[in-house]
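Order-wise, the sequence lines are chains A and B. Note that the UniProt record's numbering has the first sequence beginning at 1, numbered continuously upward. Note that the UniProt record's numbering has the second sequence beginning at 1, numbered continuously upward.
These are calculated hints, taken from the structure and not from any lab test. Glycine is no exception: its CB is placed at the ideal position from the N, C-alpha and C atoms. Accuracy of the hints is not assured; some may be wrong.
Said to hold, decoys possible - Here are a few chain B residues that face chain A, going by a calculated C-beta distance under 7 Å:
no., residue
1, 93
2, 230
3, 242
4, 246
5, 257
6, 259
7, 338
8, 340
9, 341
10, 342
11, 344
Stated by the list, open to error - Here are a few chain A residues that sit away from chain B, every Cβ distance over 12 Å (derived from the structure):
no., residue
12, 54
13, 135
14, 182
15, 187
16, 206
17, 229
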Amino acid sequence: MVNGINLALQFLDSFAFIVLAAAGLAIIFGIMGVINLAHGEFILIGAYTATLAVTQLGLPLVVAMLVGGLVTGLFGILTERVIISGAWPNYISQQTLGRDIIEPLYDRLADSMVATFGLSLILTQGARIRFGNSIDQIATPFGAISYGEFSYSTYRIVLAGVSIGLLLATYYLFTRTDFGMRARATIQDKETAQAMGVNTDRMYMLTFGFGSALAGLTGALFAPVITMQPTLGDQFLVEAFVAVVVGGPSVVLGTALSGGVLGAILATFSNLYGTFIGRIALLVAALIALRFLPDGITGFIEQLRQRRQESD
Amino acid sequence: MSRSPLSRRQFLGASGAALVTGLAGCSAGEGGTSTDTASSTDTLKIGVLEDQSGNFALVGDPKAKASMLAIEEINANGGIDGKQIETFQRDPQSDNQRYQELTRTAINEENVDALWAGYSSATREAIRPIIDRNEQLYFYTTQYEGGVCDEFTFAVGPTARQQLGIVLPYLVEEFGPDIYTIAADYNFGQLSADWVKVLANENDANVLGEEFIPLSESSFGSTINRIQEADPDFVMSMLVGANHTSFYEQKASAGLDIPIGTSTAMAQGYEHRRLDAPAMANIYAGVNYMEEVPTDSNTGDGGFVDRYFEMYPDAPYLNEEAETNYFSTYMYKKAVEQAGTTEQPEVIDALESGIELGTEEAPEVPEGETIRLDGATHHVDHHMWIMRADDEHNVEAVENRQIPETFLSETAGCNLPENPEQTQYTPVDYYEEAE
């Protein structure tokens, strides 16, 4: 019974970690075809901004976290304009050289990896030079809940709730709003969308900014529970990439489902056999999923649906 | 690529001198060579390879700084036997492959007279074969699992048996005999956990359970549950690195309120300064040194702490390993002066004669006492402290005494002057309970 509660809480914890780690990456990779290897450093920006907003400016924690997400979103837009789409350097070169100097990185998987990897190195070392090898940390709010001889940090449970809320908000944004419709139209068929009067350039920029803001918010949310140092983003990368690949093409549903499946595997195995085996189990599960569901869970669901329609 | 007969340093030195003399209007070639040969007899060269970026930057950076402090002090006081110390200092970026490359550069191209290198045990084991092949005098200055019996390596940091040996018996006495061990999952953590079992047996305590945690892990929910399930009297923690630091914040927020003994936390990564109180409350560190160690030569006016922060006003903390880098540089100075040469075999003989340092050069010892390098094992009989953090993260010394290195000298029978070898002994070979 008590161990059942342990398992349930650990599942919520793993679920929240995987979903939040993957959310921003899933949007940027799934929707825009850009593999953002600086994803961990976007998380770093969010975490550092939130922490410094509390320790240096004295902002309340919740406000500081929103600021963390916002600042990272703005940084994402800057990244998109300068590196990914190259719009700003191209504007300058048009004025001076009379031609573009940067080919946009959309749907150029390998090229986007190299460019964003370079960005990640610059950001990590930049943080180290500017802020040193660590910064002072904020405490975890809310205390703990107790049951039997066990207790669990309340904040970790709050994180699970927040992750579900973020998924719902993202789903709503991309399916129910004007912005979402334009963004999806841009991604499905850029030329037609342009012909219909959608400013596709701006859609790319805003979607990238939104994905970045989610990554920053993840960093801000985890700032009280992880160690504040320049490579803190690395610890999210394995879960993030595994979840995106296992999730497949549908961003929101894929992230939720892979968070659920991988979270259950991670929680069960680390509860029964320890942290090390939990990690192994996660990677083995990802291997199996890639072998038998190469299009991820949502790709598999899509296949099933098509097959059923054909047999009808 | 063919190697030029001129080393890079000689080339740079010669061309630099050539440039200067060239500017002065003299004959460039001759001026260059004569300056170079003159300078090489007046100086000796020390290699310092410590992490200033990457995963171990936080703990490695103070080591590099403390080495530089010692070198600057020695140079300001006339050098070693009248020779000024030159340094070959690079950042290996916490990357063992970089360490191997830089170690080769230090030995083959820079011809260093002595080498200080490496934070983690994995790094030491990565470069030790290169050290031994080149018969290079090498100081390893991190607190570590112990057992290295190597004719060219001086492992002068405290060993697990010394660190755990002061803190574990104290915690058994204070809180009771049931122990739960959590440790980083690599050679240091595994061997330290074996030492916990050995020491538990010697102190009539028992280890209820142990868990080894990968260095990349930063979520400790299930670990905290396991500790609560086992319900020990105290926890022994040998967690390592930035990711593992999350454990202390997470156990505090989960309401796990239990005394923790450690050989790794606080003294190296100053978690009590970086984390919000009370994450580190009730943690007992067994260490030879941390900034708060209350000896006169350390925290007193003009002491080690003052001198360090005068040279590095922006440095965040003066950690355990920094002091080891500092005093071992002075040990090297004494040995060279005793040998009357920088020839490495003679310097090693001098070091093996049993160098002693007082509180001025080794701030870990109280006034009137000394620490001694044991020539037989190349280890140091350290003065050990138990340092405890309270609810506000104030650190106080609760106990201190000298703890000699006994595993190599008594149990394993390491005697390097008589029987040169290059082995690392492990507790499993000698103690049933460590298996």
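Any hints this thing doesn't respect? Which numbers, in order?
1, 2, 5, 6, 7, 8, 9, 10, 11, 12, 13, 17
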